[in-house]
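Chemist: Listed below are the residues making up each chain.
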Amino acid sequence: MSFTEQEILETVRMFELETLDIRTTTLGINLLDCADPDIESACEKVYAKIVHQARDLVKVGQSITADYGIPIVNKRIAVTPISLVAAACGSDDLVPFARAMDAAAKAVGVDFIGGFTAYVHKGYTNADRALIESIPRALAETDHVCSSISLASTRAGINMDAVGHFSRIVLATAKLTADRGGLGCAKLVCFCNTVEDNPFVAGAHIGIGEGETVLNVGVSGPGVVRSALARLGPDADLLAVAETIKRTAFKITRMGELVGREAARRLGTTFGIVDVSLAPTPAIGDSVSDILELIGAERTGAPGTTAALALLTDAVKKGGAMASSSVGGLSGAFIPVSEDAGMIAAVRDDALSLAKLEAMTAVCSVGLDMVAVPGDTPPATIAGIIADEMAIGMINNKTTAVRIIPVPGKGPGETVEWGGLLGTAIVQDPGKYSCERFYLRGGRIPAPLQGYKN
Amino acid sequence: MARRFLTADDVRREHSGSIVVEADTIVTPQAQETARELGKVISTTKGPYVQPTPDRGPDADKARRSLPNLPEPLESDSQATSMIVTAVGKNRPGVLAELTSALAEFHASVHDISQRVVDGYFHLILVVETPQGVGFGTLKQRMECLGGADDYAVRVMHERVFRFMHRV
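Line order of the protein sequences matches chains R and V.
Here the first sequence stands for residues 1 to 454, numbered as in my numbering.
Here the second sequence stands for residues 455 to 622, numbered as in my numbering.
These aren't lab readings, by the way, just hints derived from the structure by calculation.
Be careful, since some hints might not be right.
Label-pair distances were calculated between CB atoms; the ranges are [stated by the list, open to error]:
#1 V:A603 <-> R:R155: 34 to 42 Å
#2 R:A66 <-> V:L528: 17 to 25 Å
#3 V:D605 <-> R:R348: 39 to 47 Å
#4 V:Q505 <-> R:A283: 49 to 57 Å
#5 V:C599 <-> R:K59: 32 to 40 Å
Some chain R residues close to chain V (C-beta under 10 Å, calculated; not the full set) [as the list claims (entries may be wrong)]:
#6 E18
#7 I208
#8 G211
Derived lysine-lysine pairs resembling BS3-like cross-links, with alpha carbons at most 30 Å apart [to be verified]:
#9 R:K59 <-> V:K544
#10 R:K175 <-> R:K122
#11 V:K500 <-> R:K59
#12 V:K500 <-> R:K317
#13 R:K175 <-> R:K453
#14 R:K432 <-> R:K318
#15 R:K175 <-> R:K318
#16 V:K516 <-> R:K318
#17 R:K175 <-> R:K246
#18 R:K318 <-> R:K356
#19 R:K122 <-> R:K59
#20 R:K317 <-> R:K106
Each residue gets a CB set at the ideal place from its N, CA and C atoms; glycine is no exception.
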C-alpha cells in the first residue's frame, strides 16, 4: 500500500470526526472597469460582471467535493473596494451598489460577498465618505453583503476622525438591524493593516494590486489541532506542543493547496493564496478556546492564555508556510467570541474579560471579533475600543480588526442568539469610564517609527 | 481593448436598430431587456451575441501554463484514477462482498486491502483503481450508499488527497 493504514485513518478521521473542511473558496473579482458616471449603469455593470465571472464558482466547488471527497463549506466572492468603483458616480447614496452585489450573490448562489469597502487610513475621498454613510442601510437591506473599512496602518497611522465616524456607523447599523439583535454589525469590520487577499468575511475584498480575477482559499480545522493535542497528552512540554500544532497545520494547509490548485484550474483563473486560519464554529470541538485550554489554561482568559495563543498562532503560520508557497491572507488563529462555544463559556464564567481579549489580539491573527457590548454604549467608548485595537496593529506591524456588535436593548451579562455560524454572545461590559475627550479631539495619530522602513 | 460592457443606457443612446459589440463584451441583462423592448438587435462582429466565456485577465493564461509545473507530491505513473475506500461499522458476514461487488460493477480493481475487527467493530481500507472513463463522483455516490445508520459507513476519497497530506 502506498500509504500506511495509520496515514489513511488519520486523514479520514480529520474529515469525519474532527470537522476538517475547506472553509471557503473565494473568487476575487476586479470591478474597476465597472466605473461609470451614471450610478445605474455602474450598478448594472457590477451585477453583470460578478455574475459573469462567478457563474461557475459554486459548481466548481461542488465538483471538487464530489471528485475528491473534501467538503468545501462556503463559496464566496470578494470584489474591489466599492468606494473606488463608485467614485465616478459622484453619488451620496451608494446603497444601490450593495443591492447589485447582493442580487449577484443570490444569482450565483454564494453565501457572502465582501467588498463594500473603503480605505480611509490616511484620508477620505468623497466616495469614501458616501460609502461609509451608506453602510447602515446597505447592511440592513441586503443579506449577503459584507463591509470592511481600513482605518489605520503602520505606514499611515490611525485616522481618528474615521475611527469616530466608524463607531457612529456601527451604532447606526445595530439600530437599523435591532430586530435581529444588531446582526448587521456582524457583516461590518474595520482594519489596521488591512489584508488585500483575505478570503474570509467580513473583511474579504481584493486590493488594487490584484489581477482581474483570483481564487483564494480559506482552510480551517481547530478540531484537528485540538484532537492532536489531546492525543499528545498533558505532560508533553511546550516545544512538543508547538511541533504537534505545526505538523497538523502543515497537513491542513496541504488540503487548501490541493483545492486551491484544482479550483483555479477548473475556473481557468489564477490561484492566489491559501489562508490557513483556525476559524472556530459553534460546533462542539471546533473551538480555538478548547485548544488554549488543552495547552494548559484552566479557562480561556486565565493568566498564560495570551502566551498559549502566541504559540498557537506562530506554529500554525510555520506549518502553513512549509506546506504551501502561497500561504497568505490572515493565516493564524481567529478568536471570534460568539462563534466559539468555548469562548462563550469562558465569558459566562467571568474568565474572559474584554481587557484580556484585547491582550490576546496582540498575538492572534486578527483582532476583537464578534464581541457584543450593550446597545447604549456611547460612540466615544466604541471609538476608544477600536482605537486601542488599531494601535496594537499599528505598533506591532500586524493586521488587527474590530467586529463589535452593540446589541440594542441588551445590557452586560445578557445573552443574544444570532444562530447559525454566528452563534451566541454574552454582552460584555466595556467599563464605566469614558474616553470622550480623546474621541472629541479627532485628527490623526501619526505613523510610528516602525512605519518608516525605507 | 474591446468594449467591456453594453448597458441599457448604451442601448437607448444607440440610434441604429442593430448594435454590434465585440465577442467578449458583457451585455448586461438590463441592456438585453431594453434592446428587446426597443426592437434592437445585438450582435457581435462574429455573429449573433452569445454570453462570452469569462475573461480571467492577462495573468490567467500564464497561470494556466504554470499551474501544471507545480510539483505534485509523489507522482504516480498510473493513468488510472486511484481512490481509497474506508468502511467502519459493526462487523457481520458479507460486508466485504457488498463493497467489492459494488466496485466490480464499475470494473474497478482492488489493489490493496486491510481489515481489522476490534470488539465486534471493523474498519476496512481498500485501495482501488478505476479504469479511465469511470466517473469518480458516480462511483463515490454508489459506494457511499452502501451500509446504513445501524450498519456501517463508507467514505471514498481521491488518492491525491492522501498524497497531498502525507507526502511532499
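Chemist: Each hint should be assessed against the structure and marked as holding or not.
Modeler: Comparing the hints with the structure gives:
no.: 1; hint: V:A603 <-> R:R155: 34 to 42 Å; result: violated, 57 Å
no.: 2; hint: R:A66 <-> V:L528: 17 to 25 Å; result: holds, 24 Å
no.: 3; hint: V:D605 <-> R:R348: 39 to 47 Å; result: holds, 40 Å
no.: 4; hint: V:Q505 <-> R:A283: 49 to 57 Å; result: violated, 40 Å
no.: 5; hint: V:C599 <-> R:K59: 32 to 40 Å; result: violated, 23 Å
no.: 6; hint: E18; result: violated, 13 Å
no.: 7; hint: I208; result: violated, 14 Å
no.: 8; hint: G211; result: holds, 4 Å
no.: 9; hint: R:K59 <-> V:K544; result: violated, 36 Å
no.: 10; hint: R:K175 <-> R:K122; result: holds, 28 Å
no.: 11; hint: V:K500 <-> R:K59; result: holds, 29 Å
no.: 12; hint: V:K500 <-> R:K317; result: violated, 51 Å
no.: 13; hint: R:K175 <-> R:K453; result: violated, 42 Å
no.: 14; hint: R:K432 <-> R:K318; result: violated, 41 Å
no.: 15; hint: R:K175 <-> R:K318; result: violated, 42 Å
no.: 16; hint: V:K516 <-> R:K318; result: holds, 29 Å
no.: 17; hint: R:K175 <-> R:K246; result: violated, 43 Å
no.: 18; hint: R:K318 <-> R:K356; result: holds, 25 Å
no.: 19; hint: R:K122 <-> R:K59; result: violated, 40 Å
no.: 20; hint: R:K317 <-> R:K106; result: violated, 34 Å
This entry does not satisfy hints 1, 4, 5, 6, 7, 9, 12, 13, 14, 15, 17, 19 and 20, going by the numbered hints stated previously.
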